[in-house]
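Visitor: Using the sequences and the hints, build the whole thing.
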Amino acid sequence: QRAKAATNPSTSSQQKQQLLGDVTRLSRQLAEQLSPMRNLQEILIVPAISRVVPSKVQKSFNNKVLRNLGLLESRLHLVGMHDAVWESGVEEEREKFETEIPYVARMMIERWR
2 QRAKAATNPS TSSQQKQQLL GDVTRLSRQL AEQLSPMRNL QEILIVPAIS RVVPSKVQKS
62 FNNKVLRNLG LLESRLHLVG MHDAVWESGV EEEREKFETE IPYVARMMIE RWR
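Residue numbering for the sequence shown follows this note's numbering, beginning at 2 and increasing consecutively.
Don't read these hints as lab results, they were simulated from the structure. Honestly, I wouldn't trust all of these hints.
[As the list claims (entries may be wrong)] Lysine-lysine pairs mimicking BS3-like chemistry, simulated, CA-CA at most 25 Å apart:
id	residue 1	residue 2
1	Lys5	Lys17
2	Lys17	Lys60
3	Lys97	Lys65
4	Lys57	Lys17
Guide: Here it is in C-alpha coordinates:
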(Lines of atoms letter the chains of each structure in order from A and count residues from 1; the text may use other names and numbers.)
(Lines give C-alpha, C1' and ligand atoms only; values in the text may rest on other atoms or scores of the structure.)
Protein backbone atom coordinates (compact mmCIF):
# COMPACT_ATOMS: atom_id res chain seq x y z
CA GLN A 1 0.00 0.00 0.00
CA ARG A 2 2.82 2.37 0.81
CA ALA A 3 4.54 1.66 -2.50
CA LYS A 4 1.31 2.39 -4.39
CA ALA A 5 0.81 5.60 -2.44
CA ALA A 6 4.41 6.65 -3.18
CA THR A 7 3.80 6.31 -6.93
CA ASN A 8 0.53 8.25 -6.84
CA PRO A 9 0.96 11.53 -8.76
CA SER A 10 -1.00 13.45 -6.10
CA THR A 11 1.43 12.45 -3.34
CA SER A 12 3.81 15.25 -2.33
CA SER A 13 7.58 14.80 -2.55
CA GLN A 14 7.87 14.82 1.24
CA GLN A 15 5.15 12.17 1.54
CA LYS A 16 6.84 10.08 -1.16
CA GLN A 17 10.14 10.19 0.73
CA GLN A 18 8.42 9.12 3.93
CA LEU A 19 6.51 6.32 2.20
CA LEU A 20 9.60 5.03 0.40
CA GLY A 21 11.51 5.13 3.67
CA ASP A 22 8.74 3.03 5.21
CA VAL A 23 8.94 0.55 2.33
CA THR A 24 12.70 0.28 2.76
CA ARG A 25 12.38 -0.23 6.52
CA LEU A 26 9.67 -2.88 6.11
CA SER A 27 11.72 -4.66 3.45
CA ARG A 28 14.70 -4.83 5.79
CA GLN A 29 12.52 -6.16 8.60
CA LEU A 30 11.08 -8.83 6.31
CA ALA A 31 14.55 -9.85 5.15
CA GLU A 32 15.72 -10.12 8.77
CA GLN A 33 12.71 -12.25 9.69
CA LEU A 34 13.14 -14.55 6.71
CA SER A 35 16.89 -14.97 7.13
CA PRO A 36 16.67 -17.69 9.81
CA MET A 37 14.19 -19.62 7.67
CA ARG A 38 16.47 -19.38 4.66
CA ASN A 39 19.45 -20.53 6.71
CA LEU A 40 17.47 -23.47 8.06
CA GLN A 41 16.44 -24.39 4.53
CA GLU A 42 20.02 -24.21 3.28
CA ILE A 43 21.45 -26.16 6.22
CA LEU A 44 18.84 -28.90 6.56
CA ILE A 45 16.33 -29.12 3.72
CA VAL A 46 18.51 -28.59 0.66
CA PRO A 47 21.16 -31.16 1.64
CA ALA A 48 18.47 -33.69 2.57
CA ILE A 49 16.70 -33.30 -0.76
CA SER A 50 19.97 -33.50 -2.66
CA ARG A 51 20.72 -36.83 -0.97
CA VAL A 52 17.25 -38.33 -1.46
CA VAL A 53 16.11 -36.96 -4.83
CA PRO A 54 18.19 -38.00 -7.86
CA SER A 55 19.85 -35.14 -9.73
CA LYS A 56 17.91 -36.00 -12.90
CA VAL A 57 14.62 -35.49 -11.04
CA GLN A 58 15.92 -32.25 -9.52
CA LYS A 59 16.88 -30.96 -12.97
CA SER A 60 13.48 -31.89 -14.38
CA PHE A 61 11.77 -30.13 -11.49
CA ASN A 62 13.89 -26.98 -11.95
CA ASN A 63 13.05 -26.91 -15.65
CA LYS A 64 9.33 -27.19 -14.86
CA VAL A 65 9.60 -24.37 -12.34
CA LEU A 66 11.33 -22.12 -14.87
CA ARG A 67 8.74 -22.87 -17.55
CA ASN A 68 5.85 -22.09 -15.23
CA LEU A 69 7.29 -18.95 -13.68
CA GLY A 70 7.27 -16.76 -16.75
CA LEU A 71 10.03 -14.54 -18.03
CA LEU A 72 10.63 -12.12 -15.15
CA GLU A 73 10.14 -14.65 -12.39
CA SER A 74 12.37 -17.23 -14.07
CA ARG A 75 15.11 -14.62 -14.36
CA LEU A 76 14.78 -13.84 -10.66
CA HIS A 77 14.87 -17.56 -9.89
CA LEU A 78 18.10 -18.03 -11.86
CA VAL A 79 19.74 -15.01 -10.23
CA GLY A 80 18.73 -16.38 -6.82
CA MET A 81 20.05 -19.83 -7.68
CA HIS A 82 23.33 -18.31 -8.86
CA ASP A 83 23.74 -16.29 -5.67
CA ALA A 84 22.90 -19.25 -3.44
CA VAL A 85 25.40 -21.49 -5.22
CA TRP A 86 28.20 -18.92 -5.10
CA GLU A 87 27.50 -18.00 -1.47
CA SER A 88 27.61 -21.67 -0.49
CA GLY A 89 31.25 -21.86 -1.58
CA VAL A 90 30.76 -25.49 -2.61
CA GLU A 91 32.80 -26.05 -5.77
CA GLU A 92 30.74 -29.09 -6.77
CA GLU A 93 27.57 -26.97 -6.76
CA ARG A 94 29.27 -24.31 -8.88
CA GLU A 95 30.30 -26.94 -11.39
CA LYS A 96 26.74 -28.30 -11.52
CA PHE A 97 25.40 -24.80 -12.08
CA GLU A 98 27.86 -24.24 -14.91
CA THR A 99 26.92 -27.58 -16.46
CA GLU A 100 23.16 -27.45 -16.00
CA ILE A 101 22.37 -23.79 -16.74
CA PRO A 102 22.71 -22.79 -20.40
CA TYR A 103 25.59 -20.48 -21.30
CA VAL A 104 23.40 -17.62 -22.52
CA ALA A 105 21.38 -17.58 -19.29
CA ARG A 106 24.58 -17.61 -17.20
CA MET A 107 25.95 -14.67 -19.18
CA MET A 108 22.74 -12.67 -18.63
CA ILE A 109 22.60 -13.07 -14.84
CA GLU A 110 24.57 -9.90 -14.07
CA ARG A 111 22.39 -7.89 -16.44
CA TRP A 112 19.19 -9.28 -14.89
CA ARG A 113 20.20 -8.02 -11.48
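Visitor: Holds or violated: Lys17 and Lys60, Cα atoms, limit 25 Å.
Guide: violated (44 Å)
Visitor: Straight-line Cα separation of Lys97 and Lys65 no greater than 25 Å?
Guide: holds (18 Å)
Visitor: Can you confirm whether the C-alpha distance between Lys5 and Lys17 stays at or below 25 Å?
Guide: holds (10 Å)
Visitor: Hey, Lys57 versus Lys17, does the alpha-carbon distance stay inside 25 Å?
Guide: violated (49 Å)
Checked against the numbered hints listed earlier, the structure breaks hints 2, 4; every other hint is satisfied.
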